[in-house]
Amino acid sequence: MMQTASNQAKNEEASCEDIRNLLEVGAEIDAQDDSEDTALMLAVKSGRTTVVDCLLKNGADPTIVDEKDRTPLHHAVAVNIPNIVQLLLDTRQVNVDALDEDNRTPLIICSKFDIRMGTEIAEMLLKAKADVACVGDKSLTKYDGRTALHFASQHANLDIIRLLIHNGANKDAQDSLDQTPLFLAASEGHLDAVECLINLGASKEITDQKERSPRDIAAEKEFRDIVHYLDTVPTPRILPSNVAASIDERQWTHLHEAADSTLPISLP
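Going by UniProt numbering, the residue at position 207 of the sequence shown is 207; the numbering climbs one at a time, nothing skipped.
Please note that the accuracy of each hint is not assured.
[Unchecked claim] Simulated crosslink set (SDA-like; lysine to any residue; CA at most 25 Å straight-line):
hint, residue 1, residue 2
1, K112, T63
2, K10, E36
3, K142, T91
4, K68, Q93
5, K45, R20
6, K127, L177
7, K210, L140
8, K45, Q86
9, K57, K112
10, K45, D61
11, K10, K57
12, K171, R212
13, K57, D30
14, K210, D159
15, K142, E120
16, K10, Q32
17, K112, D159
[Unchecked claim] Label-pair restraints from in silico Cβ distances:
hint, residue 1, residue 2, range
18, N95, N11, 30 to 36 Å
19, S139, S35, 22 to 28 Å
20, E101, K129, 20 to 26 Å
Since the hints were made in silico from the structure, they are not lab data.
All C-beta atoms in this analysis are idealised placements derived from N, C-alpha and C, irrespective of residue type, glycine included.
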């Protein structure tokens, strides 16, 4: 069953026919190999959408985890195939916030993508009510208290940064070291991510456990462009949460430009 599910030498319709034949003679659809992979997991990792659909329609369990506590949804996100992600979500059985052994949800995995991979899967996960504030299980060894926004910022995925904040992510969330998404962006030398976060209202004043600000860590690592930017960008005025949550990056930029003005600020 597992070999059939991942056999790229056969077209997917032929593989589905083989799967149905195996089930008729008593094959176990959720049998696991030495890595605790099921046929469904192997089909997902191989990017075989039709085979995934066939297995699900024949009762494959999409909640089983492998030896690294990863679900089929984790793997579908990792291979970046929206159609497979949607098939799994459509079962209404999967835990969209399931944690693997690294304390990562599918949304967190998605947030670490290269920016060229787009936001389609992240949007699907958010529509399925993925928790933008999830930081994992504190009892796990690899707990670091980081949200999806921390990872998107660390990897300079600007589209995901905007998407997460638009969906309610805390711009100034602090991880187990009290580091914010802005701190991580500055630490990695990502000026574009730093600018994006500042324009969306992130605070440049919050320090980590070592009392270092984003500007301090940028200076420590000699990212002079970030130091210059943080030295010159004004600190935005604090708005009521119901107002701040409703404005976009362009509007935050408008606020920055007006920050030192004595004139009233009018939102577009």
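How the hints compare with the structure:
no.	hint	verdict
1	K112 <-> T63	23 Å, holds
2	K10 <-> E36	24 Å, holds
3	K142 <-> T91	30 Å, violated
4	K68 <-> Q93	20 Å, holds
5	K45 <-> R20	20 Å, holds
6	K127 <-> L177	30 Å, violated
7	K210 <-> L140	24 Å, holds
8	K45 <-> Q86	15 Å, holds
9	K57 <-> K112	31 Å, violated
10	K45 <-> D61	15 Å, holds
11	K10 <-> K57	20 Å, holds
12	K171 <-> R212	18 Å, holds
13	K57 <-> D30	13 Å, holds
14	K210 <-> D159	30 Å, violated
15	K142 <-> E120	28 Å, violated
16	K10 <-> Q32	22 Å, holds
17	K112 <-> D159	12 Å, holds
18	N95 <-> N11: 30 to 36 Å	32 Å, holds
19	S139 <-> S35: 22 to 28 Å	24 Å, holds
20	E101 <-> K129: 20 to 26 Å	23 Å, holds
Hint compliance for this structure: hints 3, 6, 9, 14 and 15 are not met, and every other hint is.
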